[in-house]
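K.L.:
What follows is each chain in one-letter form.
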Amino acid sequence: MNATGSNGLDCCSDGEMTQANLPDPEQLALRIQRGERAAVASGLNLLDNKLADARSRSARLLAALSGERWLNDGHLIGVTGPPGAGKSSLVCAMIREWRLSGRTVGVLAVDPSSRPELGGGALLGDRIRIKNSSHDEGLFIRSLANRNQLGGVASEVWPMSGLMLACFDIVVIETVGVGQTEIDIAEIADTVCYVAQPASGDAIQYLKSGIIEIPDVFAVNKSDLGAPARKTAAEIARSAPRQDRREDWDYPVCLVSASMNTGIKQLQDHIDRHRGFLVNAGLLGKQRTRHHKAWVMRLLKEEFGTFGLDLAGGLAAIGERLSENRSGQFAEYERMRQHILSRFKSDNSSSNITIKEHHHEQAVI
Amino acid sequence: MVAGQKKRDQPWLMRTYSGHSSAKASNTLYRTNLAKGQTGLSVAFDLPTQTGYDADNVLARGEVGKVGVPISHIEDMDQLFDQIPLDQMNTAMTINATAPWLLALYIGLAQRRGIDPKKLSGTTQNDIIKEYLSRGTYIYPPGPSMRLIADTINYTITHVPKWNPTNICSYHLQEAGATPVQELAYALCTAMAVLDRVKATGVITPDQFPQVVERISFFVNAGIRFVEECCKLRAFGEMWDEMTLNRYQVADPKLRRFRYGVQVNSLGLTEPQPENNVQRIVLEMLAVVLSKGARARAIQLPAWNEAMGLPRPWDQQWALRIQQVMAFETDLLEYADILDGSPVIAAKVSELIEGARTEIANVEAQGGIVAAIESGYIKRELVGSHMNRLRAIESGDLKIIGVNCFQETAESPLTLGSDGSIMKTNPAAEREQIERLQAHRKSRNDAEVRAALQGLADAAKSDENIMPSSIRCAMAGVTTGEWGDSLRAVFGEFRPPTGIDISIDSREVLGKKDQVTELRTRVANTGTALGRPLKLLVGKPGLDGHSNGAEQVAVKARDVGFEVVYDGIRLTPQQIAQAAQEEGVHMVGLSILSGSHMELVEAVLQEMRTRDLATVPVIAGGIIPQEDAEKLLSQGVHAIYTPKDFSLNTIMADMVDVIRECNGLERLGLLQ
Chain A
9 MNATGSNGLD CCSDGEMTQA NLPDPEQLAL RIQRGERAAV ASGLNLLDNK
59 LADARSRSAR LLAALSGERW LNDGHLIGVT GPPGAGKSSL VCAMIREWRL
109 SGRTVGVLAV DPSSRPELGG GALLGDRIRI KNSSHDEGLF IRSLANRNQL
159 GGVASEVWPM SGLMLACFDI VVIETVGVGQ TEIDIAEIAD TVCYVAQPAS
209 GDAIQYLKSG IIEIPDVFAV NKSDLGAPAR KTAAEIARSA PRQDRREDWD
259 YPVCLVSASM NTGIKQLQDH IDRHRGFLVN AGLLGKQRTR HHKAWVMRLL
309 KEEFGTFGLD LAGGLAAIGE RLSENRSGQF AEYERMRQHI LSRFKSDNSS
359 SNITIKEHHH EQAVI
Chain B
1189 MVAGQKKRDQ PWLMRTYSGH SSAKASNTLY RTNLAKGQTG LSVAFDLPTQ
1239 TGYDADNVLA RGEVGKVGVP ISHIEDMDQL FDQIPLDQMN TAMTINATAP
1289 WLLALYIGLA QRRGIDPKKL SGTTQNDIIK EYLSRGTYIY PPGPSMRLIA
1339 DTINYTITHV PKWNPTNICS YHLQEAGATP VQELAYALCT AMAVLDRVKA
1389 TGVITPDQFP QVVERISFFV NAGIRFVEEC CKLRAFGEMW DEMTLNRYQV
1439 ADPKLRRFRY GVQVNSLGLT EPQPENNVQR IVLEMLAVVL SKGARARAIQ
1489 LPAWNEAMGL PRPWDQQWAL RIQQVMAFET DLLEYADILD GSPVIAAKVS
1539 ELIEGARTEI ANVEAQGGIV AAIESGYIKR ELVGSHMNRL RAIESGDLKI
1589 IGVNCFQETA ESPLTLGSDG SIMKTNPAAE REQIERLQAH RKSRNDAEVR
1639 AALQGLADAA KSDENIMPSS IRCAMAGVTT GEWGDSLRAV FGEFRPPTGI
1689 DISIDSREVL GKKDQVTELR TRVANTGTAL GRPLKLLVGK PGLDGHSNGA
1739 EQVAVKARDV GFEVVYDGIR LTPQQIAQAA QEEGVHMVGL SILSGSHMEL
1789 VEAVLQEMRT RDLATVPVIA GGIIPQEDAE KLLSQGVHAI YTPKDFSLNT
1839 IMADMVDVIR ECNGLERLGL LQ
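Respectively, the protein sequence lines represent chains A and B. Read in order, the letters of the first sequence are residues 9 to 373 in this note's numbering. Read in order, the letters of the second sequence are residues 1189 to 1860 in this note's numbering.
Keep in mind the hints are simulated off the structure, nothing from the lab. From the three backbone atoms N, C-alpha and C, an ideal C-beta is built for every residue, glycine too. Possibly wrong hints are sitting among the right ones.
[Claimed, not checked] In silico contact screen, one side only, chain B against chain A (beta carbon under 8 Å); selected entries:
| no. | residue |
| --- | --- |
| 1 | Ala1388 |
| 2 | Pro1684 |
| 3 | Ile1688 |
| 4 | Asp1689 |
| 5 | Gly1719 |
| 6 | Val1748 |
| 7 | Val1753 |
| 8 | Tyr1754 |
| 9 | Glu1770 |
[What the hints assert, rightly or not] Listing some non-contacts, in silico: residues in chain B with all C-beta distances to chain A over 10 Å:
| no. | residue |
| --- | --- |
| 10 | Thr1346 |
| 11 | Leu1455 |
| 12 | Glu1652 |
| 13 | Asp1673 |
| 14 | Ala1745 |
Given only the sequences and the hints, what does the whole structure look like? Please build it.
P.N.:
Printed below as a string of structure tokens:
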């Protein structure tokens, strides 16, 4: 379809009607950085929105939120583990402690979607299990369906967690671990915490699967069960220390009980300690830069496909571009998007539309 | 006419489940009902009383005096039983999480009137399991809750020996969708859990234990498939006899008798052509009186207009007259068991027993009913059964006259009344109750109250029976909220699994396949047009725990492609609006069955406006009278669904259209 087709009364008319409500991204970024809840909610909605105009505004929002602070502040924690391990209860117990110590918390709770041919719907949350019943302005929970994307976490999780990091001290991503999820989470979070369920066999499968290479901290929940919990902890501890990764990190295994509220503080201390380790080793900023880069490429690929990446100069060139501007990757991202879009349009349309404000980008890339 | 001279059996206890507005108004109603020939009382408490909150608690807003009478302290109890002699009355109380407290108030009142508690007779429902599964007025986690049940049993067995301390309910399981086999299995598993718990306390001596078994009674449902229901009750009797003999070594067959009360099915009562409910109620009642060997001890019938709102005194009178015609005009009570010896009945009973045994073994293998509740197993089973029922209604396989077939009707003179043919609770009841409560708080001796509450907390923390300290609290003028909060501080609170995480059904039974396919397309396309998948928040504001409707909507919405957030029951309007904001939903659906829809829906709308969410459409479902529905629509609610909207597919299509309309897209209209 050519560019003028979007003025027709076919399917595209649906989209146009709704664009009027989209927020101004730069204004929104300021409000998010001030911690306004309504702005956080609205920003998350925008990042989730796949309309063309919304994608542009999303990229602008991310660009406006970028900066050195985004590479150094806050703590992005991934909590994963098998179904029934008690992740929600554990996250709830940790939130209680964090809030008591005055830290603000944002949570992204990710749940599976049904298969697309079965409607793709999802039951989200148990947010009430995470949340204490009283009203708390320092806690924000967004649940999200994984939408079957590549078997791992939805590609929305990364920008959403980034947005939350701009206004909360702690951001937790809670997902059910199914192999690919852990790999994806490790590409988002500063610290990955695996929650194991005693005596379920899951831990053993996990050890065998090789994904045990990924988590930084292990929590064996339901320690009130006694011997089975200690056995599982011992099994993980035997397999956890690895030679090939950051040698100075000790991969702690904690015994916790969310229901009895024991071991929570120690687990949090280990999680804090891991962030300290990353900072001291000069790894935090580097790791986040690497993550941002990986996700920018993934977002570009999701939106435009391999052909689109080629239009922007190919993977290697994009990577180089991003590495050169580590705190401004999203400004780059938005420029590349516009470039690709304009190339698409000029390739597909004989009317040869040029978008004036994007002229300079062609020189850049 | 010789019927009068024949030897007839004693009829069952005849009750009407009632109570509303205030202790005073309810007392007047009770005395009127007793004068009409009712032979026992069945007290309905309001939701704050059932969930241990005072009338002025924020969660009680809109709920005071709605589904029952508010009882905040002993003076309310005194007023409720004004001019009713406690030692001559048989009083059933539908009370569960706070059962020890209401029983303490009743005993305290008797003591104050100089009546020996040993003369008190009646029942506290006191079955927490079905609250977790269906009715929703739980407070504490299963462990402490089972302990409270054991405490009331251990106490009453010596101090109030004519009392039925617990009434194991299969009733609400059927309302939640249970099949007869599930009803049998889960009720008997509950009874086992209670008896095992009592045994484990070690308070009851082995020679006393058969008396405990004898005091266990049941509260059963009877649906329209009355032959099967009759067989279910015969199966109950046989299985209970066997279980009490083999598992609990009760030698005396009289102590092994299956004693039960009945409220017939409310699930099948319809809002369209509501007069048809009368014949449904009669037939359902037949199931529990027909077989002498399995006959109910007490019966309460719903009124014909229950699906429309609260029944009026005349509606309740009609329900009572049904019982009286059955007992006194028919020849039913002149015969021995007329079903004994029927091979058809015997075969059906065996089939039910066999199915129930299998399911009991299944639950026992999971560690018993408490473990199977904590894991969500039983709730998922019930949600699944209920979904099957709704699908059968939708597809027309299960016929409901006036609803999915024979819908044409002449205008009914019964529903033309200027009162909308339902009872309206006193709108000033909440304010009056709060004033009364606050005056009461000022009038009592604070030191005594503090000491009594300290004693209660100490008992809760130790193994001491909760009843003596609760009775002391009652006498000292402690309030329902204070009693509830003291135990909350010790035991904590609990939210059971919602059970909606059942696997998606991909087979053709998913409604009519073409409609579901069409709905999935509509949901997906609308999501694409709006930029992201449609997201729905299903919320239950207030204290009403009847979550079956909300659960079915949540499951159905998921099945047609919505991303659904459902947090279970008992949320404040503020929590719901906050969730709507944080979750970025396209629509908020509220479910309210307690009659407090006006206050609660308005509060949710208000909270949403303060969060700048006025553009997010709100819809509501529940027992909402036409007049109220119109008011809510004019206040900005986008759609109201009531029991007459039986087709979930139609509701879903309408919800999609509401979202479309609110986002400037055209409606897609009815499904083909």
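K.L.:
All the hints need checking, so say for each whether the structure fits it.
P.N.:
Against the structure, the hints come out as follows:
1. Ala1388: At 20 Å from the nearest chain A Cβ, B:Ala1388 fails the 8 Å test, so the hint is violated.
2. Pro1684: Check failed: Cβ of B:Pro1684 comes no nearer than 11 Å to chain A, outside 8 Å.
3. Ile1688: holds, 6 Å
4. Asp1689: holds, 6 Å
5. Gly1719: holds, 4 Å
6. Val1748: holds, 5 Å
7. Val1753: Constraint on B:Val1753 satisfied, holds at 5 Å.
8. Tyr1754: OK, holds: B:Tyr1754 within 8 Å of chain A, min 7 Å.
9. Glu1770: holds, 6 Å
10. Thr1346: Its Cβ never comes within 10 Å of chain A, the nearest being 35 Å, so this holds.
11. Leu1455: Consistent with the label, B:Leu1455 stays out of reach of chain A, its closest Cβ about 24 Å off (over 10 Å).
12. Glu1652: holds, 23 Å
13. Asp1673: holds, 13 Å
14. Ala1745: violated, 7 Å
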